[in-house]
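Protein chains in written order, with the working numbering: chain A, 1 to 260; chain B, 1001 to 1174; chain C, 2001 to 2456.
Just so you know, the hints here were simulated from the structure itself, not pulled from any lab data. C-beta atoms are modelled at their ideal positions from N, C-alpha and C, and glycine is treated no differently. Please note that the accuracy of each hint is not assured.
Partner residues are not named here, just some residues of chain B that face chain A (Cβ under 10 Å, in silico) [as the list claims (entries may be wrong)]:
#, residue
1, G1040
2, A1053
3, D1065
4, L1126
Straight-line Cα separation of at most 35 Å, DSBU-like style, residue types lysine-lysine; simulated pairs [unchecked claim]:
#, chain 1, residue 1, chain 2, residue 2
5, B, K1138, C, K2127
6, C, K2264, C, K2127
7, A, K47, C, K2127
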Amino acid sequence: MTGLDVLVPSSPEEAVAAYGDGDGVTVIAGGTIVLPEITYGRLRPSKAILLKDAGLAGITRDGSRVTIGATTPVVELTELPAPIGPCAANVADSEIRAQGTVGGNLCAGIGPEAPRGDLQGALLAVGATVRTGGSGGEKTQPLEEFLADREGKLLLDVSYDEPAAGAFASLDRPHTHDYTALAVSAARAEDGTTRLAVSGVAGHAVRLPSAEAKADNPQAAGEAAAGDATFADDALASAWYRGQTLPVLVRRALTQLQEA
Amino acid sequence: MRLTVNGIERGIESAPLTPLLYVLREELGITSPKAGCQQGGCGACTVLVDGEARRACLLAVAAVDGAEITTVEGLGAPEALSAIQTAFHEHYAAQCGFCTSGMLIAAHAYLEHGGSGERESIQETLSGHVCRCTGYVKIIDAVAAAAGGEITSRQKWLPQTGEESPVEVPGAPA
Amino acid sequence: MKAVGARLPRYDGVAHVTGRTTFVDDVRVPGTLWVKALRSPAHNADIKRLDTSKAEAMEGVHAIITWQDVPLLEYGHLSALGIPADEPLLAKDEVRYKGQPIAVVAAEDETKAQLAVEAIELDLEEKPALFDVRKAFDSDAPVVHQWGNWYTHFEDEMDRRQIRKGSIQEAFDKADVIVQGVYRPAAIEHVPLETQVCQVVPEADGRLTIYSCTQALYFSMGVVAAHLQVPLNRLKFVGGTVGGGFGGKVDTATETMCSLLALKSGKPIKWRWTREEEFLCSSTRAPWHMEIADAVTKDGWILGRKMLTLHDSGAYSRFSPYGLTKHSFHHTGAYTIPNLEFDGYVVYTNRVPTTAMRGFGVTSVSFAVETHMNRIAKELGLDPFEIRLKNANRIGDTSPNGIVYTDPSTVPTILAVADELGHELPADYRTMSSEKREGELLPEHLVGQLGNPEDH
Ligand SMILES: Cc1cc2nc3c(=O)[nH]c(=O)nc-3n(C[C@H](O)[C@H](O)[C@H](O)COP(=O)(O)OP(=O)(O)OC[C@H]3O[C@@H](n4cnc5c(N)ncnc54)[C@H](O)[C@@H]3O)c2cc1C
Ligand code: FES
Ligand code: FES
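Working from the sequences, and respecting the hints, build out all of it.
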């Protein structure tokens, strides 16, 4: 690891400055995903930024607007209302939740065998927006857009309006160290719109627009959901199994939401 | 970089992204944290970082610069076992012993944070720790006993002679 | 007998709970080099070119070994029992499973060793691979092994483990029902928390001290000595502290290669497998394919059993011929069946070679037999406890390989299970014992089948 440059910024501004346009920079938040990549030699950073002291942690509230700093540990989200709280509580085990961050979760790798960020689904369902620094300066954009193109962006925080109601339905994990094979988050905004999102699909988590259009009818919404996602085979479950269970999870989440 | 390990302050030479686990084992020669998977999946490397149980394989040493680290060596010595160490020994919670350091650290943190001793809360606490030998029951028994919680019904399955230690065995606690 | 029934403190308990137990990875030897392996990325391929020269020239690299460095390249795990060797320590002309070691590098740290592994030039020509034991016998199946697709060296060069007892034809003629089943337990990785690890120290007197996590110390010593072609007294094995084995540490996975690296480099050597290597490259419990057809009377007596077993050995034999032999001896489980026709094959596939795991060869057949007992009970509409008690091994019954049982425990075990579950049994079952079947207790199909335990 000769020639390695490790920066430990002590404010958000310093972090953004250290990050620059992000070219060749390895960001380390909790490190629960990125450190094994380094240990196993799949990633050999030349420049790394440790975010631990960058002042990006914490949850703040402004009326119904909730803002979560990028380096807030996952454990601090577990008491939030559904879908975020139950989704966060379903991530790994208590020790990893205390170390892993929201930002790392939203920026988790992509690919069938890559670690996934389960919180992506819950935060999509509440219509979150993210604030980022990096190439092109500070930007605020919907989480969906961010997930589709994270290149050159340093995540600073994520915010959303607290929903009127939320729900979370997932396949059971055989062990706390199994990722959830498939999970559906649902939220009803104050204005009555319902958003649905699924994690555990191929790539990052996605919204389920066809199911959202039928949100009043959980059964029909479940049936419609299958067309909104693509599934992949991995060690946790087959694409087929995920395809079969998505309608069930959508139905459960929407039923919970109706009862909430 | 500096670390205080089991009460002793040490300067650290390893490269900044070296996992804390390597620093402890290879640079400082403290071998109780084990490299079971080096990817957060087994819990065998768990140490206390400023009093919190953390996976030493997931922490770059630069991320814990200045921290206070406690390993099992710092919990208690053979002649002065801590409560949780005694409980593990007496409840046969260590079989091959490879997972034991991580289990002890997690259990110790649980007790320090006022863990209730209820089986479910112990299970939740240890859920990230893999033991391939014991089947967990004895480990949970040990933590429950140390927490002063209910002694479990499994206890009646153990043969009881009424004697503390009927046979002289080297290494047995007094 | 003060110890019986008493709670004895573990002799190693205090060391475990104070973190002072010295596992192999905890042995500290200054100047130790770390090892990484070049492993086959293909399931089945010919090696066209292997060139380590660039890797050897890299900074921090002290030694690389390939097949050319091994004095005796092929030594079988059971060579000492007369089972011929088939597996090279390091692949020579071909690779037969993904993860098979081709070269090992010793360097100053793991990163340097890994970079050197990546610098080794390897050209492979991939061939079709075989993963399904059922397809191994097809005429167009890829050929996996130098002996063909199954082991051919049982006694008298038989190509299978075969058991014949009584008259299977007669049993099937007399049967009211034939109950069939196919059972296919999958491979299982042992997952010891301590991955394969070994530390070798070259001593000044030319001997090697080998800290090993082996479950079978003297066995591993023999394997290393044979590959190295040195007498046993050149090797000092230090073992006994194993971070979980479960059968997976019977194979000599690391010791031989580390010894060769220690001799070549003159330095202490350590190889600790990653968790991924442990999962992908260490041997597993075998997957099995078992077909059972039983000749059964409508009141639940099993008159005869035909069984075909395909034991997926993976790419090489290792212990599989022995495992299959044990399997064959147990193919009636805890029950007595007088007429048997058993054929078992050790089949090669392009999987990682398989090995012992907790009841080597027997757990698979126990799973099949017990599931089959339930299936028989279900098809006949009988109580699964009663059918087990009826066919249970008793004193004087004989095993498939002709051993006369002198102290079988099937009956008391099943009665105890029934008690524990609160399962009601009719009085004549409840009072059953392991006593020899005599008089009216002797069913017709067992007449003339019983042995005399006194002779044993
Ligand atoms: C045993 C185990 C079990 C797990 N189980 C789950 C699970 O059930 N569900 C789940 O979702 N996850 C799981 N994880 C994965 C991981 O722990 C979580 O996703 C965690 O939230 C990741 O956060 P982190 O801060 O540790 O990420 P890091 O490892 O620090 O970073 C992850 C990625 O995000 C990038 N990154 C981090 N922060 C930023 C930022 N602010 N801006 C831009 N890029 C950034 C990093 O460069 C890296 O590429 C598990 C991990 C382990 C080890
Ligand atoms: S070695 Fe750290 S969790 Fe397994
Ligand atoms: S005692 Fe062996 S892994 Fe837990």
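Hint check:
1. G1040: It holds, given that the least Cβ distance between G1040/B and chain A is near 6 Å, below 10 Å.
2. A1053: holds, 5 Å
3. D1065: Since the shortest Cβ distance to chain A is 8 Å, the answer is holds.
4. L1126: Because about 9 Å separates L1126/B from the closest Cβ in chain A, which is inside the 10 Å limit, the hint holds.
5. K1138/B / K2127/C: violated, 50 Å
6. K2264/C / K2127/C: It holds: about 34 Å lies between the C-alpha atoms, which stays within 35 Å.
7. K47/A / K2127/C: violated, 42 Å
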